[in-house]
Amino acid sequence: MDKSSINNYFHSLFSIRHEVVEKITETFEPFELKANAVLLDQNTISTKTYFLEKGYVRSYLLNEDNEEITTNIYAAPCFVNDFLSFFRQQPTKEIYQAVTDCTFWETGLENVQHNFHNIPEFREFSRLLFVLNYYNIHDRLIEMASQKASTRYSNLMKKDPDIFQHVPLKMIASFLGIKDSSLSRIRRDIHK
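Per UniProt numbering, the very first residue in the sequence shown carries number 1; after that it's consecutive.
Since the hints were made in silico from the structure, they are not lab data.
Using N, Cα and C, we set each Cβ at its ideal position, and we do this for glycine too.
Heads up, a few of these hints could be off.
Claimed, not checked - DSSO-like cross-link-like pairs, simulated, lysine-lysine; straight-line CA separation at most 27 Å:
| id | residue 1 | residue 2 |
| --- | --- | --- |
| 1 | 148 | 179 |
| 2 | 23 | 54 |
| 3 | 148 | 54 |
| 4 | 3 | 48 |
| 5 | 159 | 34 |
| 6 | 93 | 23 |
| 7 | 192 | 179 |
| 8 | 170 | 34 |
| 9 | 148 | 192 |
| 10 | 93 | 179 |
| 11 | 179 | 159 |
| 12 | 158 | 179 |
| 13 | 148 | 159 |
| 14 | 170 | 148 |
| 15 | 170 | 192 |
| 16 | 148 | 158 |
| 17 | 34 | 3 |
| 18 | 54 | 34 |
| 19 | 93 | 3 |
| 20 | 3 | 54 |
| 21 | 54 | 158 |
What the hints assert, rightly or not - Per label pair, the in silico range of CB-to-CB distance:
| id | residue 1 | residue 2 | range |
| --- | --- | --- | --- |
| 22 | 62 | 118 | 37 to 45 Å |
| 23 | 185 | 120 | 28 to 36 Å |
| 24 | 77 | 169 | 21 to 29 Å |
| 25 | 43 | 179 | 23 to 31 Å |
| 26 | 37 | 108 | 16 to 24 Å |
| 27 | 120 | 65 | 18 to 26 Å |
| 28 | 83 | 103 | 14 to 22 Å |
| 29 | 123 | 182 | 29 to 37 Å |
| 30 | 170 | 118 | 22 to 30 Å |
| 31 | 146 | 32 | 37 to 45 Å |
| 32 | 4 | 191 | 15 to 23 Å |
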């Protein structure tokens, strides 16, 4: 199968030679998940890391009232994983579910560790990826604490306008920290 999407992703974030990227991705294997299938279940240990080539994935948890709370929505192309579970080999706290039909590339922890210890460019790429993930989480935390729901909605529209064509509004509302009725009202007000 053609690995151009995953290889291009490496090049888009980091200046790295083609032959090094091919070495890094040689152990990645393709697979597909249908919409609603679980990629990584709660209280399991992640033994693989996943590159989302096509589709949307969400992570969510159940609150004390047994309601689903969407914690993140991943849009291809990107890496998707519970990185603490993967690197520390501890159980996940969230569920990772395909929202749409998805295409992935996966590789195991041993391959990632081998690349990390043997390919300096991969170490630099990994550091950059962790910094970007930290930035996104931190930025989301600040956004949730400091912005009105309508502003968060507008920001999501600018960042990923296609999300509304692929992800159910209930999941988007949960991700924005509001009820779906509030999201409907915000959308109605903004699009007047």
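Against the structure shown, which of the earlier numbered hints fail to hold, in ascending order?
3, 6, 19, 23, 27, 29, 30, 32
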